[in-house]
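There are 2 protein chains.
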Amino acid sequence: MKFICDKKDLAAALKIATRALSNKNSMVNPILDCVLVKTNGDDEIELVCNDLELAISTTAPADIIEHGCVALDGKLFTNIINGLSNGDVSIDCDEGNLNTVIKSGKAKFNIPGKPAEDFVGLPKEKTGVHFEVPVYEFCRAIAGTNFCTTQDSSMRMMEGECITFAGDTMTVTALDGHRIGLRRIYLDSNEGQNAKVIIPVKSLNEVAKIADGDTMDVSVEEGNVIFRFGSTIVNTRVIDGEYFDVDKIAKADTPIKVTANRKDLLNAIGRSTAIVEDKLKKPLVVTVDDKELRLDAVTALGSTSDAVDIEKTGDDIRIGYNPRFLMDALKAIDDEVVTLGMLNRKSPTIIEDEEKTYLYVVLPVNINN
Amino acid sequence: MKFICDKKDLAAALKIATRALSNKNSMVNPILDCVLVKTNGDDEIELVCNDLELAISTTAPADIIEHGCVALDGKLFTNIINGLSNGDVSIDCDEGNLNTVIKSGKAKFNIPGKPAEDFVGLPKEKTGVHFEVPVYEFCRAIAGTNFCTTQDSSMRMMEGECITFAGDTMTVTALDGHRIGLRRIYLDSNEGQNAKVIIPVKSLNEVAKIADGDTMDVSVEEGNVIFRFGSTIVNTRVIDGEYFDVDKIAKADTPIKVTANRKDLLNAIGRSTAIVEDKLKKPLVVTVDDKELRLDAVTALGSTSDAVDIEKTGDDIRIGYNPRFLMDALKAIDDEVVTLGMLNRKSPTIIEDEEKTYLYVVLPVNINN
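Residue numbers (our numbering), protein chains in the order written: chain A, 1 to 369; chain B, 1 to 369.
Calculated directly from the structure, the hints in this document are not laboratory data.
Possibly wrong hints are sitting among the right ones.
The list treats identical chains as one, so a pair stands whether inside a single copy or across any two.
Straight-line C-alpha distance at most 25 Å; calculated PhoX-like pairs for lysine-lysine [what the hints assert, rightly or not]: (1) 75 - 103; (2) 7 - 106; (3) 282 - 108; (4) 263 - 106; (5) 103 - 2; (6) 108 - 279; (7) 8 - 331; (8) 126 - 202; (9) 263 - 8; (10) 291 - 106; (11) 356 - 263; (12) 7 - 263; (13) 24 - 281; (14) 331 - 106.
Build the full structure now, drawing on both the sequences and the hints.
Structure (structure tokens):
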């Protein structure tokens, strides 16, 4: 295999593909530390990484002199390419021993390659159900929900987010046993197809980091989901199992409605966290009357009280929270004004907008009377 | 004690003083986690932190309503103040139980205080030798040498930098057994006074971070050095002992002079580090002839060769380096062109400018023939 390509193009493509590099520096299976470099037609190369959960393939323009492919240590190859000066880079892999020579200006590197056959490529594609998803909205939906997942649960599905397509609506849901984050994206077109998958949040975060362009194609297959944008293909395994049914909670009756300026509320709760540290396991006590939402807390560190002006319908209420969960939700919202819906001090609080683009559910914590 | 001050002023002063907060969260001596808050005259407060190696005092304008002082948990107090909205903050400490109430808008905090008498204040000042040092040059000298210290040596003095004043020259020296970094600052005035101290690099880094204004006063006392700028006073303990005499090395004969473009050389060495990783314990082999400096390395990862155009006087030479030590020195230099002085492959390489503002010494590593 031999080709010449531009350093910047190659570095940019490597940056994308190596997001799927196993970062476990796999002693057991060193091929997972490799990037597959492969000539593709006469004018581009393809780079592929696969950590067995997530696989990413992308391309870079190149002058192909001799077709072929080789698996190279991904971190080493990236370090070498990133160090080169701008300009042409020539990559020459000996078909016999797979030694690969990288040249640029006076710099020359010689690194060992591994057989491409050992490399676990992208899973074979089946006929999936395709959806066209706007990239910007997708990235916002992931950023607005990914903090509601947890890696500490025995329930594997809490490490992922549930993505459903139904009618013209794509819904992204995450939950960790204490709260739910949900975002809806209204699609321009969907030919009446439905789908429901649980995708590891790590994979979704990677897609959100590298996705570009206006829209991407999302294809739901058996056991896999494929994201396509530009010349990049991301293939992620899905998490097996039935996801929790959040609809019942989302539609729960919350007769008490508290409307507040989002930033004021966020800042006041943020202030309280100087006193209400997670490890102290004390609640932030919220007391709502007709005009004010009061925040009180007493912990080993001291005490705090604060208040925010509100508008309210329904009864007065006193309810305890982990302030971090409220803050995470309020931070993820862009609206100037938010409405918190409550029923009683044992029932979840629901923050939802009128257009139903987001829904956050926060479970209260016990307070002593 | 009671006073009112502006949130921004107080937060800015806390940011400076708390750089000397013990970050060990001292169970043994919790007063080290405290900031001393003290009214000072009628229109300012003084904040002091002291981790017993470094003590910092600074002031903020305030309307003093009742004089007094109290020691407050530094991290907690800072978290509270940083969370407040801009505007007036009132601080009110009960003289009896030291409970301190912090109020701003509707936010109110109550935190316990500790007696000011328990607080270890700034060391008493003696009559030191004073020097006026330009702040910008001081910060550059620290940034240009601090990487040559080490915390891993049994020699305490290698955790510090040696600062000497002699004639109109201030010299900052650091060394870690493998290399030396030295910077000279030419002072506008010095009334013929001399001084030599070893200061912990941690203290010097903190001074460089918070120093402002054109010049600062450096006062060398017995066991302490005091830096003064604006309304801030930094007092640091010195490290006892006799510093290494680097003069002999600095004046060593280096008949081979290699002149190269600094960035080209730095980039070429940087490229080699993809192959020459520290943990692989292999040298970067530098071969110098009349026109080129060649860089070669072979490690478990692969091999690399590269070259940089040079001008040379003296013999050809082949010499091994730890590339990181060369890079650190080259990164710290601003000059477009650098000159490396060498004698033989066992003797240190010296990088020095004509004006003698900097001097870097790098010991070579063994190469097999």
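Okay, the hints, checked on the actual structure:
1. 75 - 103: within (18 Å within a copy, 53 Å between copies)
2. 7 - 106: Within one copy, since 14 Å is at most 25 Å while 57 Å is not.
3. 282 - 108: between (61 Å within a copy, 18 Å between copies)
4. 263 - 106: Intra 56 Å, inter 15 Å, cutoff 25 Å: inter-copy only.
5. 103 - 2: Answer is within: at 11 Å inside a copy they meet the 25 Å cutoff, but 70 Å across does not.
6. 108 - 279: Between copies, since 22 Å is at most 25 Å while 54 Å is not.
7. 8 - 331: between (36 Å within a copy, 23 Å between copies)
8. 126 - 202: within (23 Å within a copy, 59 Å between copies)
9. 263 - 8: between (42 Å within a copy, 19 Å between copies)
10. 291 - 106: For residue 291 and residue 106, the Cα distance is within 25 Å only across copies (14 Å; inside one copy 73 Å).
11. 356 - 263: Cα proximity of residue 356 and residue 263: one copy only (20 Å, versus 55 Å across).
12. 7 - 263: Only across copies: residue 7 and residue 263 sit 19 Å apart there, 45 Å inside one copy, limit 25 Å.
13. 24 - 281: So residue 24 and residue 281 pass the 25 Å test across copies only (23 Å; inside, 34 Å).
14. 331 - 106: between (51 Å within a copy, 21 Å between copies)
Comparing the model with each numbered hint stated earlier shows that all of them hold.
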